[in-house]
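Trainee: The residues making up each chain are set out below.
Protein chains: 2
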Amino acid sequence: MKDRPERPKVVIIGGGFGGLYAAKALSNEAVEVTLIDRKNHHTFQPLLYQVALAVLSPGEIASPLRHILRKARNVQTLLGEVTGFDTTARRVKLLDGAELGYDYLIVAAGARHAYFGHDEWEGDAPGLKTIEDAVEIRSRLLLAFETAERAALLTGRQTLVNFAVVGGGPTGVELAGAIADLARLALAKDFKAIDTTTARVRLYEGLPRILGTFSEESSRRATQQLQELGVEVCTDSMVTAVEPGRIKVAAQWIAADVTLWATGVAASSIGKELGVETDRAGRVLIEPDLSVPGHRELFVIGDLSVLTDTSGKRVPGLAAAATQQGKAAAENILRDLHGDTRLPFTYKDRGSMATVGRHRAVAEFGNRKYSGLFAWLLWSVVHVFLLIGFRSRLAVMWQWVWAYLTRAGSSPLITEYQQTHSHATPTEHAPTPAGSKGAAVTKQ
Amino acid sequence: MKDRPERPKVVIIGGGFGGLYAAKALSNEAVEVTLIDRKNHHTFQPLLYQVALAVLSPGEIASPLRHILRKARNVQTLLGEVTGFDTTARRVKLLDGAELGYDYLIVAAGARHAYFGHDEWEGDAPGLKTIEDAVEIRSRLLLAFETAERAALLTGRQTLVNFAVVGGGPTGVELAGAIADLARLALAKDFKAIDTTTARVRLYEGLPRILGTFSEESSRRATQQLQELGVEVCTDSMVTAVEPGRIKVAAQWIAADVTLWATGVAASSIGKELGVETDRAGRVLIEPDLSVPGHRELFVIGDLSVLTDTSGKRVPGLAAAATQQGKAAAENILRDLHGDTRLPFTYKDRGSMATVGRHRAVAEFGNRKYSGLFAWLLWSVVHVFLLIGFRSRLAVMWQWVWAYLTRAGSSPLITEYQQTHSHATPTEHAPTPAGSKGAAVTKQ
Chain A
765 MKDRPERPKV VIIGGGFGGL YAAKALSNEA VEVTLIDRKN HHTFQPLLYQ VALAVLSPGE
825 IASPLRHILR KARNVQTLLG EVTGFDTTAR RVKLLDGAEL GYDYLIVAAG ARHAYFGHDE
885 WEGDAPGLKT IEDAVEIRSR LLLAFETAER AALLTGRQTL VNFAVVGGGP TGVELAGAIA
945 DLARLALAKD FKAIDTTTAR VRLYEGLPRI LGTFSEESSR RATQQLQELG VEVCTDSMVT
1005 AVEPGRIKVA AQWIAADVTL WATGVAASSI GKELGVETDR AGRVLIEPDL SVPGHRELFV
1065 IGDLSVLTDT SGKRVPGLAA AATQQGKAAA ENILRDLHGD TRLPFTYKDR GSMATVGRHR
1125 AVAEFGNRKY SGLFAWLLWS VVHVFLLIGF RSRLAVMWQW VWAYLTRAGS SPLITEYQQT
1185 HSHATPTEHA PTPAGSKGAA VTKQ
Chain B
765 MKDRPERPKV VIIGGGFGGL YAAKALSNEA VEVTLIDRKN HHTFQPLLYQ VALAVLSPGE
825 IASPLRHILR KARNVQTLLG EVTGFDTTAR RVKLLDGAEL GYDYLIVAAG ARHAYFGHDE
885 WEGDAPGLKT IEDAVEIRSR LLLAFETAER AALLTGRQTL VNFAVVGGGP TGVELAGAIA
945 DLARLALAKD FKAIDTTTAR VRLYEGLPRI LGTFSEESSR RATQQLQELG VEVCTDSMVT
1005 AVEPGRIKVA AQWIAADVTL WATGVAASSI GKELGVETDR AGRVLIEPDL SVPGHRELFV
1065 IGDLSVLTDT SGKRVPGLAA AATQQGKAAA ENILRDLHGD TRLPFTYKDR GSMATVGRHR
1125 AVAEFGNRKY SGLFAWLLWS VVHVFLLIGF RSRLAVMWQW VWAYLTRAGS SPLITEYQQT
1185 HSHATPTEHA PTPAGSKGAA VTKQ
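Taken in sequence, the protein lines are chains A and B. Using the numbering used here, read the first sequence as starting at 765 and increasing by one per residue. Using the numbering used here, read the second sequence as starting at 765 and increasing by one per residue.
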């Protein structure tokens, strides 16, 4: 890249909340920033489940990183996959052999769901971390109904559609509630040979209550709200096996046409490549200033790191925490450059919320607790205004107003996918033989 | 399916304009209709190129067939793939062995682009017929720029990005103009290491002029408008070979990072399965009443058929023609049931239009010819109001107004695809081992 030796080079890995907000905080400062991500877009993960449930389309919750950062003259965006590091020579290695030098490195590669050491379950119980996950889950949900409709048309046989959501955290609660809404409202009039409202939606939580990070009052209310939507909330229910079409809860097999996974944390494998100390989930142990012990120039933030902050609390794996850490890491780099001492990180808890279906939710701000429609309105306002990009905000508000008025949601499309670009780097992407091979797949 | 022996069974194959409008025309009449399509959605093909160019998102130009037809009590929608027919026993065979009996059959399976007998070119020069094509083309266009940006960042080397569009019909003209807009406007500010406005866009037409179905005046104006956008219009230029990264025009090889194919007609192979007479393009020769000679109960319409109508003109392969034929086939079935004689089909030419970039176009209505902004406004109004579904109309108008004000277009996302659902039937789709195998692919 254009060498500006007089300006320190900062490389950021990952365009999620941590990496993106670090890049924004370094915008137009006296550093040369390169943001590397495997995808060309930032994904607003808190609304991913609405893409999975066909309420929003991918373009409404994702924006190209280089578009978000187009006004940051000192920030370059690079589509590529990081395969390793030389933390002594301070170089980042890319999949195709290219290398990038850095003076400061911020690693914010995130995490995926963990499968209790059974990664082989992932194919039958996908998690919801990316746009691709959401589109895949949407297809599975809709195709379960299409399959039942088809059986009813061709054989006259009615088959019950069963959905299972594993994990009673906010994502699991939101998925279960939204699936119930999809079956009760969005699809009810579209299917004529089956009654989609008879679909069973079960939410499984291994602990005694859902929303364990919330107050008991909030989890009790969320449970009530889920039950009002027809969701069966199964607590103290550990899932012990996943197979196509069924899951095992404790010792009992239960039919599940579609199983979704919303629990456990497995940090990105990039953490291991750093060759520094990690916990069992693969999260890097970091200092209060967010750097790695013995590497003041190397910051690891977001879900990829684990930290007990100055308040003595474990920093939670939330978008809000990653955002705050991204800003804090950037701030500490700038403090170095200005000769100031670094500041230790403290997570500011601005409250937590979880939606339950179309207009129910629970919300907590310190000791204040809300639930029902008011909490849902709070949630809507907060999330629309947290969304990246003004256009997206308007588009999402428009979509929600429309969905609210029509109860229709957006078009539940099932689209085909191709192998072309999986985990691709630009070189794989380019219209080369590889590209053409992939494209050929789409026409077979 | 629910047997109602007293009501004739009509099976419609294909949810494009022909099949969908046939189904609509038979809605709530005294027939039992089953509409079969491989996809769960109808695609508004005239706007596909805007999805390819990231101006619209798939959900804005496609709607689920069962949602469009939800109020037609006598119309069932079936997601499935037809593999053959028994026209004597009047049965349709599906991929998984299931069969459907019919009293009337309307086949509207459409066509793809033809490659002059070189189908192997398709991987390197995709056509634009489906949502999946559009998403694939969008990725290739954006990745060509990402690859150039990457080279500039890592090596400091500037590489020129070359695009080639083969075929000077309306689709080719619209693609070329829109690619020029993408490079000149939408992406210009997002890329910092390269100048996207230097990208070369070439449109190749084998005949002496583009828009051959329009007047010479209109094609001259379209050529001017394309040139104003920086598109190189190459007429009398036959493409004789396609390879990764380059194409051969006459005897000369020309660099093309992305090649798009927009010419030739190859009717769906389903036509051959019917065992009736077809032309070289595989189109079925039909009677003036749109039925197949010797099979009054079997109608073939749209791009899959070829007909010289009562006016002595060849019916064109346009959405408008397919729509009119769908209605006419349904009408003739109803006339049979009412004991009336069938009517021969006559194509009503309501005029033709082609857009050139963001606010240029050419339009012809009989002898009246328009071009420039006025033609583009005409085009916009007509196409928005032809769109299926009120929500889509508002969404698209909103998108266009926004794009017009901001010149931004919607988020140009590059998403990964997976093999999971290619050409799938519901049984393949269902969360069975097959489904999970596919899903596993997405996590490799």
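Careful, some of the hints might be misleading.
Copies of the same chain look alike in the list, so a pair counts if it works inside one copy or between any two.
Stated by the list, open to error - Straight-line Cα separation of at most 20 Å, SDA-like style, residue types lysine to any residue; simulated pairs: (1) K1036 - L1049; (2) K857 - Y879; (3) K857 - T919; (4) K773 - G920; (5) K1133 - D1113; (6) K835 - K953; (7) K773 - S1075; (8) K956 - S791; (9) K1036 - T1074; (10) K773 - V1145; (11) K835 - D959; (12) K956 - R1060; (13) K956 - R771; (14) K773 - A957.
The hints are simulated quantities; they were obtained by calculation from the structure and are not laboratory data. Since the structure is predicted, the reported quantities are computational estimates derived from the model, not experimental observations.
Trainee: Run every hint past the structure and note whether it holds.
Mentor: Hints and how they fare:
In this assembly of identical chains, the alpha carbons of K1036 and L1049 lie at most 20 Å apart only when taken from the same copy (12 Å versus 65 Å across copies). Within a single copy, K857 and Y879 get their C-alpha atoms no closer than 29 Å, and across copies no closer than 41 Å, so neither meets the 20 Å cut-off. Proximity of K857 to T919 under the C-alpha cut-off of 20 Å is restricted to the inter-copy arrangement: shortest distance 15 Å between copies versus 57 Å within a copy. Taking identical chains as interchangeable, the C-alpha atoms of K773 and G920 lie at most 20 Å apart only when they sit on different chains, with a minimum of 16 Å there against 66 Å within one chain.
In this assembly of identical chains, the alpha carbons of K1133 and D1113 lie at most 20 Å apart only when taken from the same copy (14 Å versus 64 Å across copies). Only between protomers do K835 and K953 lie at most 20 Å apart by alpha-carbon distance; the minimum there is 8 Å, versus 46 Å within a single protomer. For the homomeric pair K773 and S1075, neither the shortest alpha-carbon distance inside one copy (32 Å) nor that between copies (72 Å) is at most 20 Å. Proximity of K956 to S791 under the C-alpha cut-off of 20 Å is restricted to the inter-copy arrangement: shortest distance 14 Å between copies versus 54 Å within a copy.
For the identical chains of this complex, K1036 and T1074 are neighbours neither inside a copy (26 Å) nor across copies (74 Å), given an alpha-carbon limit of 20 Å. Taking the shortest Cα distances, K773 and V1145 never come within 20 Å of each other, neither inside one copy (38 Å) nor across copies (51 Å). Only between protomers do K835 and D959 lie at most 20 Å apart by alpha-carbon distance; the minimum there is 15 Å, versus 51 Å within a single protomer. In this assembly of identical chains, the alpha carbons of K956 and R1060 never lie at most 20 Å apart, being 63 Å within a copy and 30 Å across copies at closest.
For the homomeric pair K956 and R771, the shortest alpha-carbon distance between copies (18 Å) is at most 20 Å, but the shortest distance inside one copy (65 Å) is not. With identical chains, the CA atoms of K773 and A957 are at most 20 Å apart between copies only, with a shortest distance of 16 Å across copies and 62 Å within one.
The structure shown violates the earlier hints numbered 2, 7, 9, 10, 12.
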